[in-house]
Amino acid sequence: MTGIPWRIRRAAEFLLLFVGGPLAILALHRAGVLFGLLWAAAALAWLGQRGASAPQSDETLDAALRTPLLRFIVLAPLITGAAWIWSPQTLFILPREKPGFWLVIMVLYPLLSVWPQEMLYRSFLFRRYGGLFGGDRGTVAASALAFGFAHILFLNWIAIAMTTIGGLLFARDYARHRDLRVACIEHSLYGCLIFTIGLGRFFYTGAAWKHG
Numbered sequence: 008m009t010g011i012p013w014r015i016r017r018a019a020e021f022l023l024l025f026v027g028g029p030l031a032i033l034a035l036h037r038a039g040v041l042f043g044l045l046w047a048a049a050a051l052a053w054l055g056q057r058g059a060s061a062p063q064s065d066e067t068l069d070a071a072l073r074t075p076l077l078r079f080i081v082l083a084p085l086i087t088g089a090a091w092i093w094s095p096q097t098l099f100i101l102p103r104e105k106p107g108f109w110l111v112i113m114v115l116y117p118l119l120s121v122w123p124q125e126m127l128y129r130s131f132l133f134r135r136y137g138g139l140f141g142g143d144r145g146t147v148a149a150s151a152l153a154f155g156f157a158h159i160l161f162l163n164w165i166a167i168a169m170t171t172i173g174g175l176l177f178a179r180d181y182a183r184h185r186d187l188r189v190a191c192i193e194h195s196l197y198g199c200l201i202f203t204i205g206l207g208r209f210f211y212t213g214a215a216w217k218h219g
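FYI, in the working numbering the residues of the sequence shown are 8 to 219.
Calculated directly from the structure, the hints in this document are not laboratory data. Built from N, CA and C at the ideal position, the CB exists for glycine as well. Careful, some of the hints might be misleading.
Estimated spans, in silico, between C-beta atoms of each pair [stated by the list, open to error]:
no. : residue 1 : residue 2 : range
1   : P84       : A47       : 18 to 24 Å
2   : G142      : E104      : 45 to 51 Å
3   : R37       : A70       : 41 to 47 Å
4   : I11       : E104      : 51 to 57 Å
5   : P95       : R16       : 15 to 21 Å
6   : L152      : A34       : 18 to 24 Å
7   : G141      : Q56       : 32 to 38 Å
8   : L118      : I15       : 34 to 40 Å
9   : L115      : R37       : 15 to 21 Å
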């Protein structure tokens, strides 16, 4: 392995993890495997870079969140309006029909899903592969594309498109602030919005894999 240029080795590693991983999970069709591998990968990433996910600037969390929060205030009504125009019958269907389940998602989604995703696709990816992609601009693009591709598991283009765009926003803000808390809060806001306004059906493996 010592004779192989580091870029080739690092690129192969990136493809194995961020392309091969989702494809392997998709082939297995097991939701338990999905969450198990996600958490295992995130935990290993955290152990390998303890302290790296801490804020790397003197900027306060309030200051770092100002732009992401203002953006969310603008985009949330637009996304909700688009969901209403597209499928009015499913708007707010989860809190209307299953309020208890909706509350569980609002509490657990940021803890059990957002943190491992942001640890893997932002903190770890930027630190491990930043040199491979030639700086922040390339790494932001790689992070967004990898994040979108991971959602191939749900077997619909809407999930892939939405998460690629979301991944671009989260990666740009992570590149700017190097603060995992900002990425997690921003991701949680949009994710909880998606589940609240009825778009969560595109992020459900049960429906996607029922014929598998």
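Cross-check of the supplied hints:
1. Here the CB-CB span from P84 to A47 is close to 38 Å, at odds with the stated 18 to 24 Å.
2. Our hint of 45 to 51 Å for G142 and E104 holds, since their Cβ atoms are close to 47 Å apart.
3. One distance hint, 41 to 47 Å for the beta-carbon pair R37 and A70, holds here, with the actual separation near 42 Å.
4. Under the hint 51 to 57 Å, the C-beta atoms of I11 and E104, about 55 Å apart, fit the expected range.
5. At roughly 51 Å, the beta-carbon separation of P95 and R16 lies outside the given 15 to 21 Å, and the hint is violated.
6. At roughly 21 Å, the beta-carbon separation of L152 and A34 lies within the given 18 to 24 Å, and the hint holds.
7. As the Cβ distance of G141 to Q56 is approximately 20 Å, the hint placing it in 32 to 38 Å is violated.
8. One distance hint, 34 to 40 Å for the beta-carbon pair L118 and I15, holds here, with the actual separation near 37 Å.
9. For L115 and R37, the hinted distance range of 15 to 21 Å is satisfied, since their beta carbons lie about 20 Å from each other.
Of the numbered hints given earlier, the model fails hints 1, 5 and 7; all others are met.
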